[in-house]
Amino acid sequence: MTRPGKASVGRPPTLPIRTAHTFYLFRGREWLWLGFGLVVAVFWPVIVNQHWLHVTNLSLVAVMGAVGLNLLTGNARLVSLGQAGFLAIGGFSAGAMFHHFGAPFWVGLFVAVALGGIAGFVVAIPSLRLKALYVAITTLALHLGVTSAFAVYLARVIRSEGVIVDPPNLGFFVLEDMAAWYYFLLIIAALIVIGALNLRRSFLGRRWVAVGDHELASEALGISVHRAKLSAFIVTSMIVSFAGCLGAYYEGVITAGYYDLHLAIAYLAMIIVGGLGSVLGSILGAFVITFLPYLLDLLIGVIGVKIAAGSLSGLHSVLYGLLIVGFMLFEPLGLAEVWRRLRDYFILWPFRYRPLEQRRQR
Amino acid sequence: MLQVITVLEIAGVYALLALGLVMIYRTSRILNLAQGEMAITCAYVAAVTTGAGLPWIVAIPATLATGAIIGGFVYFVIMRRILSESPVVGILTTVGIAILLRGLMVIIFGGETRMVDSPFKAVTTIAGARVTQEHLIVLVGSWTCVLFVIILNFFTKTGLLMRAVSDNVVLAAQRGINIDRIVGIAWVLALIIGAVAGFLHGQRALISIAAVFIGVNALIAALIGGMDSYPGAIIGALAVAVVEFVTTQLVESHWAEIALVALMLIVLTFRPWGLFGTVEELERV
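Line by line, the protein sequences are chains Z and G. Our numbering applies: residue 1 is where the first sequence begins, and numbers increase by one. Our numbering applies: residue 1 is where the second sequence begins, and numbers increase by one.
Derived from the structure by calculation, the hints contain no laboratory data. All values derive from a computational prediction rather than experimental measurement. Just so it is clear, CB atoms sit at the ideal spot from N, CA and C, and this is done for glycine as well. There could be a bad hint or two in this list.
[To be verified] According to the in silico footprint, chain G covers these stretches of chain Z (three or more CB under 8 Å from chain G):
| id | region |
| --- | --- |
| 1 | 113-121 |
| 2 | 327-340 |
[To be verified] Simulated restraints, written as ranges between beta carbons of each label pair:
| id | chain 1 | residue 1 | chain 2 | residue 2 | range |
| --- | --- | --- | --- | --- | --- |
| 3 | Z | Ala217 | G | Arg271 | 48 to 56 Å |
| 4 | Z | Glu331 | G | Phe270 | 22 to 30 Å |
| 5 | Z | Ile118 | G | Phe270 | 39 to 47 Å |
| 6 | Z | Glu331 | G | Phe213 | 27 to 35 Å |
| 7 | G | Thr269 | Z | Arg159 | 33 to 41 Å |
| 8 | G | Val170 | Z | Ile118 | 53 to 61 Å |
| 9 | G | Thr269 | Z | Ala217 | 24 to 32 Å |
| 10 | Z | Asn198 | G | Ile150 | 52 to 60 Å |
| 11 | G | Phe213 | Z | Met178 | 48 to 56 Å |
[Said to hold, decoys possible] Which chain Z residues stay away from chain G? Per the calculated CB distances, all over 10 Å, these:
| id | residue |
| --- | --- |
| 12 | Val79 |
| 13 | Leu133 |
| 14 | Tyr134 |
| 15 | Gly162 |
| 16 | Asp177 |
| 17 | Ile188 |
| 18 | Asn198 |
| 19 | Arg227 |
| 20 | Ile265 |
| 21 | Ile272 |
| 22 | Tyr294 |
| 23 | Gly301 |
| 24 | Gly310 |
| 25 | Tyr345 |
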């Protein structure tokens, strides 16, 4: 809703409320929430034990990957089944740099991001001519190609099950401790999240959304669909490859078996459960999906049922599947939307709807 | 001769799955990424029933019924609610169903490698090639079924209605065709022929979770042929089978998947609508 701005000299007219979120990252009460979250985040390693800290670290890596995937699949509406492939590119390029040249962490990271960008470019080329639907298949092709290539690489060149990397040396200290990793990953993930929030409001991000919403219409409005798709693939696969590299260094060993289709589907589950096209959704989804198997194991341990390891992994798959299908059917906007509704409910109580003027979309 | 029979066998199984994909895509515009999982679930049922010593006359209906139940369930409970949503929603939902079925296979059947028992083990000689009857059954069964689908589509009333729905949904609905029923029939039929494919695949190979790759290969076949063309699906299946067989023989099975993917990318780069697909398809969406 546009408010008539006061045309007084020396003071810019009030921004229309609807577009205000395009100009500020956080406003008003959101800073308060952010402060609270920050305090919890800083003391998190004290609150939880090593096991759950490990799970948190995995979630933080997943946040980075999910943010990248969500920009591609949620915003530009290009369904990617190649997530595991891009993660593998990040992991294996860092591993190979370390194994063959003894390259430091930063070099591996740089190479991973560069190769990720190149792979994104290569995948994007056939997808330019294809309907959005078929992109899923070309990215699946990338996944199959990359994982097969790395399996061959491991068998022929490394001659072992996996590549082992040393803990990264940041120059002033070595990342070995779980808590050190936690703070490191937290900072990087926060940077990526803020970057993604900003990216979505930049000319690039808005073009991606436009092309994702309607290709023909955005072409008619003067957006180059080809360039938008290319840039979407390149930028997001760089982010994902970056996450893959960090994840590989965190694990310390890079195996081909880890990067299977199941991983790609787990990432899809993250962004669907969290909310397609929402950065907050990527964060929520990454945490929920990463914690879920561990919480399930905990629950099974508490109940005391004995389940074979094989059917436990089956149970995880069933859970992922049910979550994907359930959210697609009943809440396509994901946990981000649930969160928004819940927040509105409490903020507005005893009223049910926001006054029209204050409505805004995020 | 033996090579020709092998290629035709593989092609038959892929053709059935690809026809199912095309049938689903034409009527509901959903790219079913769970086709392989669905077929292998049915194959597991076949393996369990024949493994329990039941004759084929029980095992085959049980397998087909599983396919029909999965198809009916997936369409009437899940897909029907999201038909009007964007294609992205549909494809992601099938991914969810795929992973769900994988998990169920692990839980129910233990994820083990199994085989479909066959009473036909004898060896016959055809044109100088010694072939076991199992393989002949795959060959004859799959291509008979392909023929059945073609006849169904082009020479029966149901086929006519399905073609009408795929040509123009709105017009079909205005002419009094029950869209819901037709699309439901298409899903159930597609899954039944998928079950046949799973059963026959169990005749010539072992059944395991890894066997869901036949779904990916069938998808490649359907995409090469054109997602909305039945003859295209069959030609695509033949092409996929030839490429897979040749690369497996010349290099190793690991490279077959890569060769197939390369073939698909080449075809789709130059003809995004596939070899026999309709071009309007691309511009409408």
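- Task: Using the beta carbons of Thr269 (chain G) and Arg159 (chain Z), state whether their distance is inside 33 to 41 Å or not.
- Result: Check passed, 36 Å falls within 33 to 41 Å.
- Grab the minimum beta-carbon distance between Asp177 (chain Z) and chain G and tell me whether it stays above 10 Å. Asp177 (chain Z) clear of chain G: closest Cβ-Cβ about 35 Å, beyond 10 Å.
- Non-interface claim for Ile265 (chain Z), where every Cβ of chain G lies beyond 10 Å: Violated: least Cβ distance 5 Å, not greater than 10 Å.
- Item | Interface exclusion of Leu133 (chain Z) relative to chain G, criterion Cβ beyond 10 Å | Per Cβ check, Leu133 (chain Z) is inside 10 Å of chain G; nearest 5 Å; violated.
- Whether the CB-CB distance between Phe213 (chain G) and Met178 (chain Z) falls inside 48 to 56 Å: violated (38 Å)
- Query: Should the label of Gly310 (chain Z) as a non-interface residue stand, given a Cβ cut-off of 10 Å to chain G?
  - Reply: violated (6 Å)
- Task: Given the hint of 48 to 56 Å, check if Ala217 (chain Z) and Arg271 (chain G) actually sit that far apart at their C-beta atoms.
- Result: Since Ala217 (chain Z) and Arg271 (chain G) have Cβ atoms about 26 Å apart, the given range 48 to 56 Å is violated.
- Does the claim that Ile272 (chain Z) lies outside the interface with chain G hold up, using a Cβ gap greater than 10 Å? violated (6 Å)
- How does the Cβ-Cβ distance of Thr269 (chain G) and Ala217 (chain Z) compare with 24 to 32 Å: does it lie in that range? holds (25 Å)
- Least C-beta distance between Gly301 (chain Z) and chain G, which was stated to exceed 10 Å: holds (19 Å)
- Query: In terms of beta carbon proximity below 8 Å, does the region 327-340 of chain Z have 3 or more residues touching chain G?
  - Reply: holds (count 3)
- Query: In terms of Cβ atoms, is chain G entirely out of 10 Å range of Asn198 (chain Z)?
  - Reply: holds (25 Å)
The structure shown violates the earlier hints numbered 1, 3, 4, 5, 8, 11, 12, 13, 14, 20, 21 and 24.
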